[in-house]
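Enquirer: Use these hints to put chain Y onto chain H, whose structure you have.
If you read the sequences in order, they're chains H and Y. Taking our numbering, I'd label the letters of the first sequence as residues 1 to 227. Taking our numbering, I'd label the letters of the second sequence as residues 1 to 227.
What the hints contain is simulated information worked out from the structure, not anything from laboratory work. One thing to keep in mind: the hints can contain errors.
Same chains, same label: a pair holds when it works inside one copy or across any pair of copies.
In silico SDA-like links for lysine to any residue, alpha-carbon gap of 20 Å or less [as the list claims (entries may be wrong)]: (1) LYS98 / HIS50; (2) LYS45 / PHE133; (3) LYS5 / GLU89; (4) LYS98 / ASP74; (5) LYS61 / LYS139; (6) LYS5 / PRO87; (7) LYS23 / GLU203; (8) LYS45 / TYR88; (9) LYS52 / PRO106; (10) LYS51 / VAL130; (11) LYS52 / GLU137; (12) LYS52 / LYS98; (13) LYS98 / TYR14; (14) LYS25 / GLU2; (15) LYS103 / GLU119; (16) LYS51 / ASP101; (17) LYS122 / PRO176; (18) LYS122 / HIS50; (19) LYS23 / VAL201; (20) LYS25 / GLU75; (21) LYS52 / GLU102; (22) LYS98 / TYR46; (23) LYS98 / GLU75; (24) LYS103 / TYR14; (25) LYS52 / ASP101; (26) LYS37 / TYR215; (27) LYS98 / LEU83.
Protein chains: 2
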Amino acid sequence: MESVKLFGTWFSPYSRRVEMALKLKGVEYEYIEEDLKNKSPDLLKYNPVHKKVPLLIHNGKPISESLVILEYIDETWPGPAILPSDPYERSMARFWAKFLDEKCWPAMRRACLSRGDQEQEKANEEANEVVMFLENEVKGNKLFCGDTIGLVDIAANLIAHWYGIFEEFYGNMQPPLNLITKDKFPNICEWVDEYTNCTFVKENLPEKDKLAQLYMARIQAAKAAAQ
Amino acid sequence: MESVKLFGTWFSPYSRRVEMALKLKGVEYEYIEEDLKNKSPDLLKYNPVHKKVPLLIHNGKPISESLVILEYIDETWPGPAILPSDPYERSMARFWAKFLDEKCWPAMRRACLSRGDQEQEKANEEANEVVMFLENEVKGNKLFCGDTIGLVDIAANLIAHWYGIFEEFYGNMQPPLNLITKDKFPNICEWVDEYTNCTFVKENLPEKDKLAQLYMARIQAAKAAAQ
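Only chain H is shown next, with the shape it has when bound in the complex (with noise of 0.2 Å):
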């Protein structure tokens, strides 16, 4: 008989690409929450390298980051695809994750957690001018990739969700930082609009609430540790 477990947190945007693809494939699978302040023996043994969650274990063979997971679902399930078919297609999605994950959510946090005048425009201005890449690539795009839900936006979910509950506690500056406006990225806030409010990607989102009371607790502990 199969089996699939996962390793995961409910705040993490990783862990949560990973659902998200396996409901879209309709895969069944075992969630195992982690809790990352005393990792499981089972999440060090099987992802030495990183330690981190989400950890895919699939007939006892693990598979980790997030990327990469989101690959081997879509290569081992049948069901709606996740990488487009055509291989230049295909690298531009490849192109585009690894986009988000290693140049515009790097420079969006670094916006919110940047402090002092010269730092912090600097850091602003270098986001903006990295976010205004995919606001041209989302431009005509229902969804980044074409009419269905595939890589980018299963990626992309960091930027819709997590992004503005983050900007809200960590970039909390004045005047406010407000990176992602209507005016400045008028098609990222539609796109943002029109995914979070898609009922399959709903579902597999962390409610804002609970998310803003973990960066709450984490800000108080960190202020409290200062003390």
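Expert: Frame of chain H; chain Y shown alone:
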């Protein structure tokens, strides 16, 4: 008629990966050497996001990011497979290639560039820990992913060929760094020997002397600028 253009620089391990893959597949291509101090309008036009080599243009369509390009090449042209056919083996190849670029090389680089006893010791320790994952992975494999040159071997060119020269110039400290030694990492050393002595691989690596001259010139330029 098919048109394949590669924008690269002779000293970039990332460009060399693409060259190696194209040659492995027997694809004829036009190579354009980029001057990174004076980037060509084509590079800036076709890779606006990263403005970096390698950039492959196939029948007018641009692709960047070496690992993305390698998968594209594998999916587009017949010839020896770059990725294994089994989905799990494919995911492992992707995992280790990503590991090399995102974890292994940065740790090895930091070990060379960090200064000051404490910082240096920490960076050295981290690099040893990370490289040990490779040591265990390469154990028993003639090449990383089997008996033929595959994605991980191609991606590992920077560890096998570039790192030694990089350490010689940038990790020149007392006591010497000597990160990769036969007593600590016998499997890696054996793999490096075999890999860099393979005729096909050798033809696709820059000469060590030329690389050494490049690093030397860069170090001298940095010193002159700091004076």
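Enquirer: Determine for every hint whether it applies to the structure shown.
Expert: Taking the hints in turn, this is what the structure says about them:
1. Both within a single protomer and between protomers do LYS98 and HIS50 lie at most 20 Å apart by alpha-carbon distance, with minima of 18 Å and 12 Å respectively.
2. With identical chains, the CA atoms of LYS45 and PHE133 are at most 20 Å apart between copies only, with a shortest distance of 13 Å across copies and 39 Å within one.
3. Proximity of LYS5 to GLU89 under the C-alpha cut-off of 20 Å is restricted to the inter-copy arrangement: shortest distance 19 Å between copies versus 30 Å within a copy.
4. Taking identical chains as interchangeable, the C-alpha atoms of LYS98 and ASP74 lie at most 20 Å apart whether they share a chain (17 Å) or sit on different chains (19 Å).
5. Taking the closest pair of Cα atoms, LYS61 and LYS139 come within 20 Å of each other only across two copies (19 Å); inside a single copy the shortest separation is 39 Å, beyond that limit.
6. For a Cα distance limit of 20 Å, the shortest separation of LYS5 from PRO87 across copies, 17 Å, qualifies, whereas the shortest one inside one copy, 30 Å, does not.
7. Taking the closest pair of Cα atoms, LYS23 and GLU203 come within 20 Å of each other only inside a single copy of the chain (10 Å); across copies the shortest separation is 47 Å, beyond that limit.
8. Taking the shortest alpha-carbon separations for LYS45 and TYR88, only the inter-copy value of 18 Å comes in at or below 20 Å, while the best intra-copy value is 37 Å.
9. Taking the shortest alpha-carbon separations for LYS52 and PRO106, both the intra-copy value of 18 Å and the inter-copy value of 19 Å come in at or below 20 Å.
10. Proximity of LYS51 and VAL130 under a CA criterion of 20 Å is satisfied inter-copy only: 13 Å between copies versus 29 Å inside one chain copy.
11. Only between protomers do LYS52 and GLU137 lie at most 20 Å apart by alpha-carbon distance; the minimum there is 19 Å, versus 30 Å within a single protomer.
12. For a Cα distance limit of 20 Å, the shortest separation of LYS52 from LYS98 qualifies both inside one copy, at 18 Å, and across copies, at 15 Å.
13. For a Cα distance limit of 20 Å, the shortest separation of LYS98 from TYR14 qualifies both inside one copy, at 13 Å, and across copies, at 16 Å.
14. Within a single copy, LYS25 and GLU2 get their C-alpha atoms as close as 15 Å, which meets the 20 Å cut-off; across copies the closest is 36 Å, which misses it.
15. Taking the closest pair of Cα atoms, LYS103 and GLU119 come within 20 Å of each other only inside a single copy of the chain (18 Å); across copies the shortest separation is 27 Å, beyond that limit.
16. Proximity of LYS51 and ASP101 under a CA criterion of 20 Å is satisfied in both settings, with 18 Å inside one chain copy and 18 Å between copies.
17. Taking the shortest Cα distances, LYS122 and PRO176 sit within 20 Å of each other inside one copy (15 Å), while across copies they are farther apart (38 Å).
18. When the C-alpha separation of LYS122 and HIS50 is checked against a cutoff of 20 Å, the pair qualifies only between copies, where the shortest distance is 18 Å, while the shortest distance within a copy is 31 Å.
19. Proximity of LYS23 to VAL201 under the C-alpha cut-off of 20 Å is restricted to the intra-copy arrangement: shortest distance 10 Å within a copy versus 43 Å between copies.
20. In the homo-oligomer, the alpha carbons of LYS25 and GLU75 lie at most 20 Å apart inside one protomer (11 Å), although the nearest pairing across protomers, at 23 Å, exceeds that limit.
21. For a Cα distance limit of 20 Å, the shortest separation of LYS52 from GLU102 qualifies both inside one copy, at 17 Å, and across copies, at 15 Å.
22. Only between protomers do LYS98 and TYR46 lie at most 20 Å apart by alpha-carbon distance; the minimum there is 17 Å, versus 24 Å within a single protomer.
23. Taking the closest pair of Cα atoms, LYS98 and GLU75 come within 20 Å of each other both inside a single copy (19 Å) and across two copies (18 Å).
24. When the C-alpha separation of LYS103 and TYR14 is checked against a cutoff of 20 Å, the pair qualifies both within a copy, at 16 Å, and between copies, at 18 Å.
25. Taking CA atoms no more than 20 Å apart as the test, LYS52 paired with ASP101 passes in both settings, with 15 Å inside one copy and 18 Å between copies.
26. Within a single copy, LYS37 and TYR215 get their C-alpha atoms as close as 15 Å, which meets the 20 Å cut-off; across copies the closest is 43 Å, which misses it.
27. Taking identical chains as interchangeable, the C-alpha atoms of LYS98 and LEU83 lie at most 20 Å apart whether they share a chain (14 Å) or sit on different chains (19 Å).
When held up to the earlier numbered hints, the structure conflicts with none and fits them all.
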